[in-house]
Amino acid sequence: MKISARTSEKIAKTLIWTAAVFVLAVLMFIILYILVKGLPVINWGFLTQVPRSMGREGGVSSTIVGTLMVTSVAVLIAAPFGIGTAFYLAEYTKGGFITRVIRFSAESLAGIPSIVYGLFGFIFFVIYLDLGWSVLSGGLTLAFMILPTIIRTSEEAIRSVPKIYREVSFSLSATKTQTIFKVVLPSALRGIANGIILSIGRCIAETAAVMLTAGSALRMSRSLFDPTRTMAVHFYILAVEGISMENAYGTAALLIIIIFLINVVANTLVNRFVR
Amino acid sequence: MIFHGAVPESKLNGGSRMSGKSPNIKIKTKNLNLHYGTFHALGDVTMDIKERSITAIIGPSGCGKSTLLRVFNRMNDLIPSCRITGDVLLDGDSVYDKSTDVVELRKKVGMVFQKPNIFPMSIYDNIAIGPRRHGISRKSRLNEIVERSLTRVALWDEMKDSLNRPGLELPAGAQQRLCIARAVAVEPDVILMDESCSALDPESTMKVEELMLSLAEKYTIIIVTHNMEQARRVSDMSAFMMLNENRVGSLHEYGPTIELFTNPQSKVTEDYITGRFG
Chain X
1 MKISARTSEK
11 IAKTLIWTAA
21 VFVLAVLMFI
31 ILYILVKGLP
41 VINWGFLTQV
51 PRSMGREGGV
61 SSTIVGTLMV
71 TSVAVLIAAP
81 FGIGTAFYLA
91 EYTKGGFITR
101 VIRFSAESLA
111 GIPSIVYGLF
121 GFIFFVIYLD
131 LGWSVLSGGL
141 TLAFMILPTI
151 IRTSEEAIRS
161 VPKIYREVSF
171 SLSATKTQTI
181 FKVVLPSALR
191 GIANGIILSI
201 GRCIAETAAV
211 MLTAGSALRM
221 SRSLFDPTRT
231 MAVHFYILAV
241 EGISMENAYG
251 TAALLIIIIF
261 LINVVANTLV
271 NRFVR
Chain W
276 MIFHGAVPES
286 KLNGGSRMSG
296 KSPNIKIKTK
306 NLNLHYGTFH
316 ALGDVTMDIK
326 ERSITAIIGP
336 SGCGKSTLLR
346 VFNRMNDLIP
356 SCRITGDVLL
366 DGDSVYDKST
376 DVVELRKKVG
386 MVFQKPNIFP
396 MSIYDNIAIG
406 PRRHGISRKS
416 RLNEIVERSL
426 TRVALWDEMK
436 DSLNRPGLEL
446 PAGAQQRLCI
456 ARAVAVEPDV
466 ILMDESCSAL
476 DPESTMKVEE
486 LMLSLAEKYT
496 IIIVTHNMEQ
506 ARRVSDMSAF
516 MMLNENRVGS
526 LHEYGPTIEL
536 FTNPQSKVTE
546 DYITGRFG
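Chains X and W, in that order, are what the protein sequence lines are. As numbered in this note's numbering, residues 1 to 275 make up the first sequence, in order. As numbered in this note's numbering, residues 276 to 553 make up the second sequence, in order.
Calculated from the structure, these hints are not laboratory results. Check each hint, because a few of them may be wrong.
[Unchecked claim] Only pairs whose alpha carbons sit at most 27 Å apart, straight line, appear in this in silico DSS-like list of lysine-lysine:
no.: 1; chain 1: X; residue 1: K182; chain 2: X; residue 2: K163
no.: 2; chain 1: W; residue 1: K482; chain 2: W; residue 2: K414
no.: 3; chain 1: X; residue 1: K163; chain 2: W; residue 2: K390
no.: 4; chain 1: X; residue 1: K94; chain 2: W; residue 2: K435
no.: 5; chain 1: W; residue 1: K390; chain 2: X; residue 2: K182
no.: 6; chain 1: W; residue 1: K383; chain 2: X; residue 2: K176
no.: 7; chain 1: W; residue 1: K414; chain 2: W; residue 2: K382
no.: 8; chain 1: W; residue 1: K435; chain 2: X; residue 2: K176
no.: 9; chain 1: W; residue 1: K414; chain 2: W; residue 2: K305
no.: 10; chain 1: W; residue 1: K482; chain 2: W; residue 2: K305
no.: 11; chain 1: X; residue 1: K182; chain 2: W; residue 2: K482
no.: 12; chain 1: W; residue 1: K305; chain 2: W; residue 2: K325
Bound conformation, chain X alone (with noise of 0.2 Å):
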């Protein structure tokens, strides 16, 4: 049986529909379900208080300073070297055998699960170089994790800018490094901001690695050596040793809402300074 083209042009423009909007709805059910269950725990006590009787009461402020500690500390890290490194592999080398071990090494960092990365992080970090369970034990073991990110989106954001600007930048006798600057970074900053909001929202969202070299104490931290509960690992106790399930909603919906703040910040951020 032979299909007219235009019944095959509609068959096929529901299949692309339908699978859009099912993957939507999905996505949409499980926000709006952690959203419905979780919201009425949130109010300014769960805000501003620290988890009391393992976080059955009382909030979980500390868990949100945390949260953003040890994020701070992996993206301060990783975003330098994996920028520099990006840098280098776009524009330094004409790709030899430096530059395939370096990308080959990125790739398969990309693909180790992050267990694998707490379980290095807990031996090197916490014990071998004895930080302890500390917010830097964690942000450290969370900035190898992103490294392979930062380093993949960053280079393929400065491959992107037009080789143009770069002759254009050359014939106005500018140097390498002053193009590399002045000209390339601007250019790529949107697609750098882009990797960089991506690898915060796996830092916020990290549990098992976290949980391994940053620890899981309920206490505000004060320090970098300090141990620390971050929010994804505090909700994964709560839900799995039955503590509450009602925080471990209330604290799901607020890591949803302060990922979709990031975004929209950062966003905001590069508008205004991206033209």
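Chain W: place on chain X using the hints.
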């Protein structure tokens, strides 16, 4: 290669702007050969380019016009497999000498490319980018340079109130003039223009041509163009390039534009400029 002999000064002045004493030689190439890897792109190019004049490089596609243009500011350095032999002299100094500072060279020899390529930043920053790279940071000095450069390309009155707007918002013709202003801001001696009008509409092209003529009072301008009429309208000297019998880009005929267009010495040149091939 055919060189037109000494042209009487009176004849030169016939349809050309050049007057008074004959200008000095700004750029000289001698037996210039260029290879990309095993590909022989330019063969034995020998030519003198006069100061404060417009020299047009014409010829069919793929004969090495842009390659030759990019020899003068060493833009070909960006291509790793590029090898150059022979002499290229700017003001008598070798351009390809080991001791030549490429950054200094490109300060003297500016370039305008085929398509307008404004950076995604403000009009002001687009022009200030060159001077800033050379360490000029005083606001008053930069303002002065921006005003002078925009004035020189006849954009100042139009743009003095919108210097902070993104350069990319301008129409293509104005963008290309902005690119010229950006090159002028570095205070070069020579401006290379690589088919700088090919992406523009006729009216913008006319404006850029007027600009070339006025800039030629101060700068040495070398253009690559596919537009025969443009070469005839603006240039003082014309260099006709084409592939020689070994398929190597070479200078086929070179002389004052009026001579080359009215009385070409070679049949091939005549066929090309009358549109019979190319």
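Taking the hints in turn, this is what the structure says about them:
{"no.": "1", "hint": "X:K182 with X:K163", "verdict": "holds (14 Å)"}
{"no.": "2", "hint": "W:K482 with W:K414", "verdict": "violated (30 Å)"}
{"no.": "3", "hint": "X:K163 with W:K390", "verdict": "holds (13 Å)"}
{"no.": "4", "hint": "X:K94 with W:K435", "verdict": "violated (43 Å)"}
{"no.": "5", "hint": "W:K390 with X:K182", "verdict": "holds (21 Å)"}
{"no.": "6", "hint": "W:K383 with X:K176", "verdict": "holds (18 Å)"}
{"no.": "7", "hint": "W:K414 with W:K382", "verdict": "holds (21 Å)"}
{"no.": "8", "hint": "W:K435 with X:K176", "verdict": "violated (31 Å)"}
{"no.": "9", "hint": "W:K414 with W:K305", "verdict": "violated (43 Å)"}
{"no.": "10", "hint": "W:K482 with W:K305", "verdict": "violated (34 Å)"}
{"no.": "11", "hint": "X:K182 with W:K482", "verdict": "violated (30 Å)"}
{"no.": "12", "hint": "W:K305 with W:K325", "verdict": "holds (15 Å)"}
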